[in-house]
Every structure is written in structure tokens, then in C-alpha cells.
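Using the hints provided, position chain B relative to the given structure of chain A.
Taken in order, these protein sequences are the chains called A and B. According to this note's numbering, the first sequence is numbered sequentially starting from 982. According to this note's numbering, the second sequence is numbered sequentially starting from 3.
Worth flagging that the hints you see were computed from the coordinates, not collected in a lab. As the structure is a prediction and not an experimental result, all values here were calculated from the model.
Below, computed lysine-lysine pairings styled on BS3-like, alpha-carbon distance capped at 25 Å:
1) B:K73 - A:K1161
2) B:K92 - B:K53
3) B:K73 - A:K1090
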Amino acid sequence: MCLPNLGAESRMTKAVKNKSQEKRSLPKSLTGIQGLDEITGGGFPRGRPTLVCGSAGAGKTLLAMEFLVRGAMDYGEPGVFMAFEETAPELTQNARSLGFDLDELVKEKKIAIDFVRIERSEIDETGDYDLEGLFIRLGAAIDVIGAQRVVLDTIENLFAGLQNQGILRAELRRLFRWLKDRGVTAVITAERGEGALTRHGLEEYVSDCVILLDHRVTDQVSTRRLRVVKYRGTAHGTNEYPFLIDEDGFSVLPVTSLGLQHEVSEERISSGIPRLDTMLGGEGFYRGTTILISGTAGTGKTSMSAHFVDAACRRGERCLYFSFEESQGQLIRNMRSIGLNLDQWVKKNLLQFHSSRATFYGLEMHLAIIHKIVQEFQPKIVVLDPIGSLIQAGNKRDAHTMLIRLIDFLKQRQVTAFLTNLTSGGDALEKTDVDISSIVDSWLFVRDIELGGERNRALYVLKSRGTAHSNQLREFLLTPHGVDLLDVYVGPEGVLTGSSRLSQEEREKAADLIRQQEAERKDRELGRKREALEARISALRKEFEVEQAEAQAADGEEKKRERALAESRTAMARSRKADAADTRKVLKKR
Amino acid sequence: MKKSGSAGEPRPLSLEEIAKTKGSTESETWELRLYVAGQTPRSVTAFANLKKICEEHLAGRYNIEVVDLVKHPQLAAGDQILAIPTLVRKLPQPLRKIVGDLRDTERALVGLQLRPTGTEVRE
Chain A
982 MCLPNLGAES RMTKAVKNKS QEKRSLPKSL TGIQGLDEIT GGGFPRGRPT LVCGSAGAGK
1042 TLLAMEFLVR GAMDYGEPGV FMAFEETAPE LTQNARSLGF DLDELVKEKK IAIDFVRIER
1102 SEIDETGDYD LEGLFIRLGA AIDVIGAQRV VLDTIENLFA GLQNQGILRA ELRRLFRWLK
1162 DRGVTAVITA ERGEGALTRH GLEEYVSDCV ILLDHRVTDQ VSTRRLRVVK YRGTAHGTNE
1222 YPFLIDEDGF SVLPVTSLGL QHEVSEERIS SGIPRLDTML GGEGFYRGTT ILISGTAGTG
1282 KTSMSAHFVD AACRRGERCL YFSFEESQGQ LIRNMRSIGL NLDQWVKKNL LQFHSSRATF
1342 YGLEMHLAII HKIVQEFQPK IVVLDPIGSL IQAGNKRDAH TMLIRLIDFL KQRQVTAFLT
1402 NLTSGGDALE KTDVDISSIV DSWLFVRDIE LGGERNRALY VLKSRGTAHS NQLREFLLTP
1462 HGVDLLDVYV GPEGVLTGSS RLSQEEREKA ADLIRQQEAE RKDRELGRKR EALEARISAL
1522 RKEFEVEQAE AQAADGEEKK RERALAESRT AMARSRKADA ADTRKVLKKR
Chain B
3 MKKSGSAGEP RPLSLEEIAK TKGSTESETW ELRLYVAGQT PRSVTAFANL KKICEEHLAG
63 RYNIEVVDLV KHPQLAAGDQ ILAIPTLVRK LPQPLRKIVG DLRDTERALV GLQLRPTGTE
123 VRE
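Extracted from the complex, chain A is given alone in its bound form (with noise of 0.2 Å):
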């Protein structure tokens, strides 16, 4: 719903910056104030009054003191402060507290400060007047230091001293049409009226720029915010934008303009835990992108984004811990028992912790405070931790909005963003509280695992966009020495982790061994029989040998008793002198 609101804004904005670039567009001055320029698209019309509209303690004034020295100051326009309400040493008080030293700038005759009073109760009127002397006052002021900027604050304290309204509203047209015909840049202070812009109703008409400021409270929560209701012949942001006031004056930030123009780099930073920049294709996460981790209470997400930091520190880079729940000291006593030492980046400056309560600011405000900050310590890295508790600052939908303001902002920064989002239970599991999965880059979710009486966490890279990663669940171990990865036992009684993946194994390891030596049992009885075969395959080969032998034998005594007898024959045959034919047949018939 937000993103194509996004995307028009962004080409709105776009338009508003060639509009400002073109010559014959509306000369402008520069109010120097911080995003103001930026949804003006180059600051007030020149030479032609701004109202700037709001209820008390709106900051009209310090908007309109801001404008005039920073014109004194960094564009060299000298400027007037006439002032209705705050004589000149509060006003210079008031500015100190900006940063800003008036005297040395009155001193120096770049500002002119003229303080108007009006005391209802020693003036009385009788016909006809006008303002001549007020204009006469300040045509002298801007005459006496060439001052091209003029403040009016606040002139409704004009109807409060005098009593002709009739000639307060001609009056004040007048003053409008005469600070245009001076050509001076001016800002006009009024109070917000019942359902109007101001109480009088003329000012906002006669005005070429209006501009209003909003201090609102929602639940408890107190948020300002700017919008400019009109200004004649240029395109302006029309959205409402955040502003914030601190010790550095006004800062308005033109957040909602961001585009999805951001350049994207092909570096890839480590994780800072080395099995999970495998499981990111071997290499990590892309820098400037924004990475997801969720999971439920407890399962580390936290260590994972000490990690991440420590990872990011030992390059030299600087990071930025946001963290809503935990202190510094806190933070960093607990990520000593998992092996990291925060502390020593705290102390080298690569290290920042900027502890809140969620509750403690509005949204907007921790938007400010996030911009503001990052712009000052220009980090590589950031860290929110968790994102979740930012809906209790104001509600999901507004959360969803400043987050996606944020990652924009970060990402036109080419700064890595690492939020941690808390899944809480009976809620569905790959979603988060504030719905911006949709805009990581990376999302990594951490896991319990209840299995055989115990919780194990388990860890899977959800979505990486532009990297191969793997598919498969970790277990993932918070050790001394840190986090540590492990492959859990995914086989045909599920996805084991701990001690039952411990015991499986174990288990596994057992039934190995059985079966090696069943195989060896085995292996030799076969031998064992082959043996045996052998022997007797020896010794029936020896009997047949015997047996051969003996037959051997008894075939020679045989053929010795046959000759024998042959020869008993032939020698009785011989002596009977028989035929020796008869002799051979003898023989043949035996």
C-alpha cells in the first residue's frame, strides 16, 4: 500500500528538483534549514512573505530564528527580527540554546533584532489610524543593515493590543503587499485559529508560502511535523514530514521522498559467523543491504547481530547499535559470555550503542534521532534491535511506514541494516510484527526446536536475494567462543537437534559397529571352512595316492607272478619238449 505512494512521491520530488534547476522558474532563498530546502524544492519564494502557521509551542519561532541566521550567516543575507512576543535578550537566549550567538551577529550588523511592544492597557484609541509607524520601524531596520530577510513574529499580538479589527486586516494586507514591494524574503509567525490555518483567517491568503507546524500527541507519544500547505507557483512535498528540534536547531526530514534510486554494490561482507556466510553462497551478505533476522524470545538474535558488528569492527568499519530493549552495559557483559568483546570498538569509536525505550520518543522522533545520528557518525552498519518494539511508539501501520523510511534512507547511504524482529508465540512464524519482510533483503529466522525434552535452535536462510543459499536447516550454538553452526541429523525420524541429534548419532554409530563385525564374524568362518575344505581336499588326495600306490604295487607282482609262471611254463614245456606253439596257445586260453 505504502510503495506506490513511495514511488509518486519520489517522482514528485524529482519534478520539484529539475522545476527548481530550470531559470525561469521562482527565485528562491535558501533557508539552510536542514530538509526544508530539500521539500521546497530550494527554500521560501525570494523577495515574497512565508506564513508559518502553528499552535503554541509549535516552533514557529525558532523556525523563523533559524531562517534568519542562517541567511546572516551562510548566505549573506543580512536579516530583521521584529519581534511581538520576546524582547531582544530572551530571543538571544532562546537562539544560544540553538547554537546560535546573536549578539556577535547584532554586533556584527547582520542582524537586526527590534523588539515590538504593545501594552493594550496604556493605549487608548480614538479614530482613524494606521500602521505607517510599525512599517516606518522596519523599512528603518532593513535600511540600517541591508537586511534582504525579515522576521515577523508573532503579528497577531497586533489584535491583541489594538482594538479596530477593521483596520488590523487592511493593515496587515498592506504590510504583506509592502514586504513584496521591499523585496526582502519574509517569514510570518501566526498562531493556528479554530479549524483555520490562523485565527484571523487573512494571513495564510495574502502569504505566497504557508507553511504548518504540527505538534501532535498520540498516545502519550508527542510527534511534530511540518507540512507546506501551499506556495504559489512551485511544486512542493505535500506529505507531512517529521522535524525535529535539538541542541543544532531545526531539522526536518524529507524522508517519504526517497526513491528506489539507490546505487547497490557487489561487495559482500561477512556475517562474522563463518558456517553462515557458506550457507549465504560462501561469501555473505551484499553491502547496503538490509537484513531480517527473526525468531522467537531467546533463540539469539541478538548474538547473531553482536556478530555481525564484531564481524564488521575487525574490518575497521563503524557500526551503529540501536537497541530498545538492553543497555550498552548490558549488551556488552552478555555478549562477553558468548566470546565477544563489544567494548574494545566502543573504545576505538568503530562501536556505538544508542540505547531507548521505544516508548521513549514517538516514531517520528526515532526516525529524527536515527537520521541524525547516522548522518553525524556515518556508520557502514546499523543495527535495530528490535524492530518490534517500535509499534508501542506509535501503531503497526505507522511503524511499517518509518521503517521502510529508514531502510530507504539507509540504502541510499549504502549502509548495511541489521534488524532483529521478535516473532511472538500463537503468531505465524515467517511473518513480521511491522510487515516489512517483504522490503529485506535478507532474511534469516532462528528457531526452537522442542524435541526429547529439551529446546535446540535451529537456523535457515529464509530469502537472500542475489545469492545462492542454501535450503538446508542449521543448528545453530551459542558457545563461549561464540556462535557456531552445526548440520542437524535430517533422516527418516525427522530433523533431530541436541541431544537427540546427539544420541541418534550415537546410536547410529553403535548399529555401524555391530554390523562391521557381524561382516568380520563372517568373513572369518569363511575362512575358517575354506581352510578346512583344503585340509581335506589334502588328505583324500593323500589316500588316493596311497591306494594308487598300492594298486601300482600289486599290478607288478602280478605281471611278476604271470612271467614267473610263463617262465615255470615255458621252462616245464621246455623240458616236456612241447610245441611252443602249443605253448603260446595255453597261454592264450588262461
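Here is chain B on its own, set in the frame of chain A:
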């Protein structure tokens, strides 16, 4: 020129005080200053009206100084002048300002505290 601050906190005067003031003015000269911006018909009218009032009520013990802010713009801040014409009663104290062309004489007299109230007429 920041004399206006010395006028102190303005407050409604009691009748006794007004009487006292009046008593003291018997011997005191009234210092009146009329701020105008150029010779406009309105400033001419205002001066004429003022002159008339003074002649009637303060004959012989008043001074009128006319300050033309077009000529002396820097004098406007001193008496915190916004509206033109403005009559400032410098003396007797306290400081009073009357804005307008003094067309309404009764109101002007009340403003100058020549009359304690609009209804009670004292001679």
C-alpha cells in the same frame, strides 16, 4: 531611547491617585509628543484636534512636540510606535498613548486622563 520600560507596570489608577495626579499637574507642564508620518491629512487632523483639546484643558502649561517618522524613522522604536498618528503623554507620569486622529474628544480626554471616566465630568 528605551524610556518606555521606566513607566513600570501599568495599572488602573484609583480615583485618589487620579486626583493627586491632577493636583500635581496644576503646577506641572504637560509634555506631549505627537508622532506622525509626513504631512498626511490624518496627521494634520490629529494635530488640530490635539491643539484644540490642549487649549481648552491645559492652556499655558503644555508642550507639543511633533515627530515626523518619515524624517526620523529611528525615533519610532523609542516610544514603541506602531500606529500613526500616536499621541504620547510623556509627562505627567504614567506614560499614556492615544492612537488615532483624536476625532473623538471625549475619548481623547479619558485617554489623557483629563477625565477620570467617560461619564463623570469634572471642571
